[in-house]
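K.L.:
Taking our numbering, the leading residue of the sequence shown gets 1169, the next gets one more, and so forth.
Since the hints were made in silico from the structure, they are not lab data.
Hints are supplied without guarantee of correctness; some may be wrong.
To be verified - Quick list of simulated restraints, FRET-style, between CB atoms: (1) ALA1275 / GLU1334: 42 to 50 Å; (2) ARG1280 / ALA1525: 29 to 37 Å; (3) TYR1247 / ASP1405: 52 to 60 Å; (4) GLN1252 / ASP1339: 44 to 52 Å; (5) PRO1458 / ALA1256: 35 to 43 Å.
Where is the CB? At the ideal position from N, CA and C, for every residue including glycine.
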Amino acid sequence: MRRNIVREATTLGILAAVLAVAGCSGESATEQRGGGGGGDGDAVTISHWQHHSDARAELVQNFADEYDGASIDFQSIPYESYFQKLGAALEAGNGPCVFQLPANILAEFHDRGELAPVPDSVMSTDEIEEAFTPASTRLLKIDDAYYALPTDVQTLLLFYNDDLFEEAGLDPTQDFATWDDLRAAAQALTTTSGDKMTQAGLDISASPYQWYYSAPTLAFEDGQVNDETNDVNYDSDPGYQVWERLTGLVTEDGVDDPEFLAEQSKFAIGKAGMTFKEYTFTGVYNLTAPDLNYSVHVAPPVADETFAPVATTSWSYAVSADCEDQDAAWEWAAYLTSEDAQRTWTAEGGELPSRAALLEDESLQE
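Start from the sequences and build out the full structure, keeping to the hints where you can.
P.N.:
Okay, structure coming up:
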């Protein structure tokens, strides 16, 4: 497999912000014992919940095996039930000590009194702000205190199946400059037998929310809502153009069909020329489709005179306010978000680091 992170990302300022995981494994619970214990000689066990791809779950277990602190009781929970299970457990007072949260909903948990602040003994405010990128920490700070440590940064990018590109006479090393370029390539990559699709040019149906929500949203520099009038910006010429172009890929161009290989990852099994995913899917594909020859690119703007649909979001590790040994829990969270750990996440799990020191690490850009 040849993985290529396109250099144009650096030019756009994306790589500096984003240098995943959607798709989740079945639920499991395993206790991984480290070499240490509590200060009084009694062993300390830290419960840790997270949704995972198989690649990331394996890495967490490896980290837990190697950890010299407390024992780790790790549960990997499917994404579709993760937040419901986590919310109910925290409300009942029997939730995990350490758990994963996207930064944009951390305030909800804080307002319910469910989070413990990061103690200075683990990382001070100044140390956090020096170590991590501003974009990854901005939503984790409330009333001058941090309530989580950032893990990975995610962004939506366009994945090419390089072999299918070459078979169609297309260059897999080039980004598309315009929407028309992408549309033409998707049509060239689409194959049929009679009235049946045999290969999708662009796998849209696998993650429709990313195309039909994220891409239009990111097309507008000032956001979706006009602050002065409260008008939604979709109700505009660029907004209409976005929706027409996205729906036209299926209704007019026929580059994907919701009934073609439904419930399967068409891109992973080599039956789609392109897909629009978070960069974290490099880890998923490396594990589930190791022979897939793909590259990662910046998608073109969906509407004329707007922006490429690229933005960053971040995830974090938080500690429950009900955790009996918060210091030990924060030490584990700090271990998982350390520079060495994030280097492993990036190299083996398809993560994009939030550690500022890793943004220019050449070994992670190969």
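K.L.:
Now tell me, hint by hint, if it's right for this structure.
P.N.:
Hints and how they fare:
| no. | hint | result |
| --- | --- | --- |
| 1 | ALA1275 / GLU1334: 42 to 50 Å | 47 Å, holds |
| 2 | ARG1280 / ALA1525: 29 to 37 Å | 34 Å, holds |
| 3 | TYR1247 / ASP1405: 52 to 60 Å | 36 Å, violated |
| 4 | GLN1252 / ASP1339: 44 to 52 Å | 45 Å, holds |
| 5 | PRO1458 / ALA1256: 35 to 43 Å | 37 Å, holds |
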